[in-house]
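**Q** Single-letter residue listing:
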Amino acid sequence: MSAPLIIIGENIHCTRVVPRKSKRVIDAGGEAIRYLAASGEDHLLRIPEAAKSGQEYREGRIKHVMIALDMAMAGSEPERAAGRTYIAALAAAQERAGAAFLDLNVDEISFKLERQTAAMAWLVRALQEMTTLPLSVDSSNVDIIRAGLAVYDAARARPLLNSASLERSDAIYMAREFNARLVVTAAGEKGMPADAAERLANAGRLIELAARKGFAENDIFIDPLIFPISVDAAYGRHSLDAIRGLRARFGPSVHITGGMSNVSFGIPSRKLINDVFLVLAIEAGADSGIIDPVAARVEDVLALDRSAPTYRLAEDVLLGRDEHCRAYLRAWRKGELTVAVG
Amino acid sequence: MAELADIANATIRQEIAEYLDRPVEIERNIALFARTRPLMQEIAVAVIEGDQVACDRLTRQALEEGVHALEIMDDGLIGGMGIVGIKFRENFIFVPEVLACARSMKAGMAHIEPILSAAGVEPVGTVVMGTVKGDLHDIGKNLCIMMLRGAGFSVIDLGVDTAPDQFIAAVEEHGAPLLGMSALLTTTMPNMGRTIEAFIDAGLRDDVKIMVGGAPVTQEFADDMGADGYGKDALACVALAKQLLGVAA
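Protein sequences appear in the order of chains G and P. Per our numbering, the very first residue in the first sequence carries number 35; after that it's consecutive. Per our numbering, the very first residue in the second sequence carries number 151; after that it's consecutive.
No wet-lab data here; the hints were simulated from the structure. All C-beta atoms in this analysis are idealised placements derived from N, C-alpha and C, irrespective of residue type, glycine included. A couple of the hints might just be wrong.
To be verified - With a cut-off of at most 25 Å between alpha-carbon atoms, the simulated SDA-like pairs for lysine to any residue come out as follows:
1) G:K57 x P:G376
2) P:K382 x G:R50
3) G:K55 x P:R172
4) G:K146 x P:A348
5) G:K368 x P:G376
6) G:K55 x P:G376
7) P:K382 x G:R54
8) G:K57 x P:R172
9) G:K368 x P:L170
10) P:K382 x G:H358
11) G:K146 x P:G376
12) P:K382 x G:F145
13) G:K146 x P:F349
14) P:K382 x G:N45
Unchecked claim - What the simulated footprint calls covered on chain G by chain P, stretch by stretch (three residues with Cβ under 8 Å from a Cβ of chain P suffice, anywhere in the stretch; the number is not a length):
15) 77-90
16) 166-180
17) 224-237
18) 300-314
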């Protein structure tokens, strides 16, 4: 049997943070993140003083991927090695947890395009020396994607371009140029889709465009776009109905994916919501997910006990049956959501 | 000085005792609710509890009893929302609950606004809001708009993918003293700076306060590009808007 889910591992993103009060953050003659290196040994990523000036840090969050990448690219010699070892550990952890692709996003490393493109090129080269997994080159700017694909050694597994949409359909040509597989999102030309029907229409136009450009169905990963359920109780159904509609319309070969953890933004016990949403998305026809497989072990997620009260509370939230998440938040306040499901 | 026991409504007393921690905020809220009518406190409770039906009913009742629309807005609706904002900031409540509170507030404001506008009472202030050029994300911006409207601001929503000249045209057309820009992408954030430069080039920068927000935006970035303020979420946006326009919190 094939893997239940093609995981596009999303942990190598410059947006990622470790809370300063996490158990992984220790005082080792200076603040440091404790981690397991790819070699299996315990290592420390020491937080450089220069990384402590920003707002994120002051608010208690360490942008660990960005810090490691900065060190690896531009630090002193020992810093370079330390940053590189950290990034290799992230890649190894994703691979061990079942990632089929490693999604790389460096957008937040700088506001300067030349710095962003340099970081993406550096990261693609470095990761290709660390892992045989194909890379997913992810950015909101096609120039940054191009910088990554341009240095990608295509003799290895084909890369994934993340992403094309109606507002930047030229990314489809870029994927052709670099023989990349392609994520297409359901974003419209002038705005985000308002419901499942708009998602289907937008994604449908792009898939047809990609098919005309010679993409095989199984080279395409559709991201229907997943929005936070905290903002609108209908958002869960919009994405799930879109997944069902896409599967019905485009058949079994095309891949359906998505940034699954977006769904839980703004509410507590995010992991519970994320896990249950993943179950519902797979059930609706998704065969892939842009997720952190270290946080969401797919075997565990699929083994959730669906009759558990916590599962049903999360499902009610996700299917729009719990207005303003009242029942869910009531249970959270009583401490009932910390109980493991299944 | 007023004390907690001077507040008639038990729920309000409990909210202040349980959720407020900063002395200045405790003092301000005790002073407010100790002097307001019991019915205004009930309206505030309806907002705090996100009870749209009660908020609608109590607001109508207050108007029928002859309470001035402005008093209902300031002492009841905005008073309640003040506590909601603090609870959200301190992670006692979450986005869906804040939205329920905002909807309740809106149910009350629906009765208040026509009266105020017929009487020629200006809204708290006019704000032009939009997501910058190249960026189609609008969830965060829409939350800000909902909260601003709830707080009595009149908001001109320019939608997404807004070019600098569109921001300028809207600010001029509506004579808005305040502009809010949103960006969710690092790659579109620089367009906030470009928009601010366009205001400078047009000779209009001194006529308008500019606030910015969005996931990748920070205070440092806001300072760097010459914005007047940064808000980290929708309620911070409201507080900032009040501060920039010199409206009492």
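**Q** Need the status of pair K368 (chain G), G376 (chain P): alpha-carbon distance at most 25 Å?
**A** Measuring from Cα to Cα gives roughly 45 Å; hence the hint is violated.
**Q** Next pair to validate is K55 (chain G) with G376 (chain P); report whether the Cα-Cα distance is within 25 Å.
**A** Outside the cut-off at roughly 33 Å; violated.
**Q** Taking 8 Å as the Cβ threshold, is the statement that the stretch 300-314 of chain G is covered by chain P upheld or broken by the three-residue rule?
**A** Holds: 3 residues of the stretch 300-314 of chain G have a Cβ under 8 Å from chain P.
**Q** Is it true that the CA of K57 (chain G) sits at most 25 Å from the CA of R172 (chain P)?
**A** Given that 25 Å is the threshold and the Cα spacing comes to 29 Å, the pair is violated.
**Q** Are K382 (chain P) and H358 (chain G) close enough, with their CA atoms no more than 25 Å apart?
**A** Roughly 22 Å separates the two Cα atoms, so the pair holds.
**Q** Run the distance test for K382 (chain P) versus R50 (chain G): straight-line Cα separation, threshold 25 Å.
**A** 17 Å, holds
**Q** Need the status of pair K146 (chain G), A348 (chain P): alpha-carbon distance at most 25 Å?
**A** 20 Å, holds
**Q** Does R54 (chain G) lie within 25 Å of K382 (chain P) when you go C-alpha to C-alpha?
**A** Satisfied, since the Cα-Cα distance of roughly 19 Å is no more than 25 Å.
**Q** Take a quick look at whether K55 (chain G) and R172 (chain P) sit within 25 Å of each other, Cα to Cα.
**A** 23 Å, holds
**Q** Given the hinted pair K382 (chain P) and F145 (chain G), is their Cα-Cα distance within 25 Å?
**A** 19 Å, holds
**Q** Verify this for me: three or more residues of the stretch 166-180 of chain G with a beta carbon less than 8 Å from a beta carbon of chain P.
**A** holds (count 4)
**Q** Is the Cα-Cα distance between K368 (chain G) and L170 (chain P) 25 Å or less?
**A** 21 Å, holds
Hint compliance for this structure: hints 1, 5, 6 and 8 are broken, all remaining hints hold.
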